[in-house]
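In order, the protein sequences belong to chains A and B.
Using our numbering, read the first sequence as starting at 1 and increasing by one per residue.
Using our numbering, read the second sequence as starting at 109 and increasing by one per residue.
No lab work stands behind these hints, which were simulated from the structure alone.
Because the structure is a prediction, the values reported are computed rather than measured.
Yeah, the Cβ is synthetic: ideal placement off N, Cα and C, and Gly gets one too.
Hints should not be assumed to be uniformly reliable.
[Unchecked claim] Computed list of lysine-lysine pairs in DSS-like fashion (alpha-carbon distance at most 25 Å, straight line):
#1 B:121 to B:151
#2 A:69 to B:121
#3 A:104 to A:39
#4 B:173 to A:39
#5 A:45 to A:69
#6 B:151 to A:45
#7 A:39 to A:108
#8 B:151 to A:108
#9 A:45 to A:104
#10 A:108 to A:69
#11 A:42 to A:104
#12 A:42 to A:69
#13 B:151 to A:104
#14 B:121 to B:173
#15 A:39 to B:151
#16 B:151 to B:173
#17 A:108 to A:42
[Unchecked claim] Listing some non-contacts, in silico: residues in chain B with all C-beta distances to chain A over 12 Å:
#18 129
#19 177
#20 205
#21 210
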Amino acid sequence: DIQMTQSPSSLSSSVGDTVTITCRASQTISTYLNWYQQKPGKAPKLLIYATSTLESGVPSRFSGSGSGKDFTLTISNLQPEDLATYYCQQSYSAPLFTFGQGTKVEIK
Amino acid sequence: QVQLVESGGGLVKPGGSLRLSCAASGFTFSDYYMSWIRQAPGKGLEWLAYISSSSTYTNYAQSVKGRFTISRDNANNSLDLQINSLRAEDTAVYYCARNREGFSPSDAFDIWGQGAMVTVSS
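Just chain B, with the same shape it has in the complex (with noise of 0.2 Å):
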């Protein structure tokens, strides 16, 4: 069945990284452009990053621009979310996201992974 899995989540310092991932099955990955989406808790949704199928295009959130990078292996269905200098701000869930139509405002995220929490605290 379609599916995304998140790993790589834990306790990080701050000031520290921390790198995601997400494996993709189901379907042809190299088809679809991707997102990451966080969820800090108790708190609503806030989009991150978008990666074009073929990695050529990136754009993220104001939030999170210059700290966070997105990235993509067609070849191993596997897409990355880079995380530097954490702030407990960025406390929160985090999930990888199939975008059902990319570069298009008829877009929408129609696959949801299960999401993986990361903590930044001392």
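With the rest of the complex left out, here is chain A (with noise of 0.2 Å):
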């Protein structure tokens, strides 16, 4: 099974930072990488899919980069309805699918 490693599992910056979150991949993946976001208490929600498609609605401080096992998720000017656990996930092995651990992203 690909095994999805996320760094760090957790951060705390300010309102309008700069974030960024990493995902490793165990083999490559080419650019089949999706990040979903959740916030406490609800389920998670898809927020990037093919490593740097925006699903509809998101908004655009939210963006991804990478290919082959090495990913990014970035969050520009950082707002307080960011706080939530962001978590990449792997569709390379479609139909099995693996999640990263987690990145819990906390507002100073």
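Dock the two chains into a complex; use the hints.
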């Protein structure tokens, strides 16, 4: 199975900062990488699919990049409502899917 | 609006069984592949099972193969997950989710239900 490793596991930043979360796959997954946002007590929400395509309605301050094994989720101009845990997920081996362990973003 | 609503969660004794259901609305259910995903308390997300739009294909995570069965009823826009031989480690919130592009590496889970809590305890 393809393992997904996120770093850091948690971070704390101020409103207006730029935040970067990384996700590494145990083998190459091309650009078949998705990102989800899970706010406290809520279901996850798809943010970005295929590495860099924003899901409809997602603010443009969210962006994704990468290919192969290494991927990045960037949140520019961090807002209070971005308080959440973010998960990466590979779909390269669909219909077997794996998620990263999550990165908790806190607002200072 | 596009919506998935899970039901059937609850407290179950170890070794027991449970059937979760997911009611879909706001989209053509029979056009989409569907999945079940769970989240243990304070933990991350674990994909469990997947079913094709016409039920001809299913796939399971190795961790639940043989104990979990995914099924669907397109006439009633519903998705089920039968869970047998429940263990304490099955305690989790169970989500149903829509696969935006089934059977493709470009797939992703674009719609999620609110989740159903399953607690396995004596």
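> Looking back at the numbered hints, which does the structure fail to meet, lowest number first?
Replying inline: As far as the earlier hints go, 2, 4, 10, 12, 20, 21 are violated by this structure, in ascending order.
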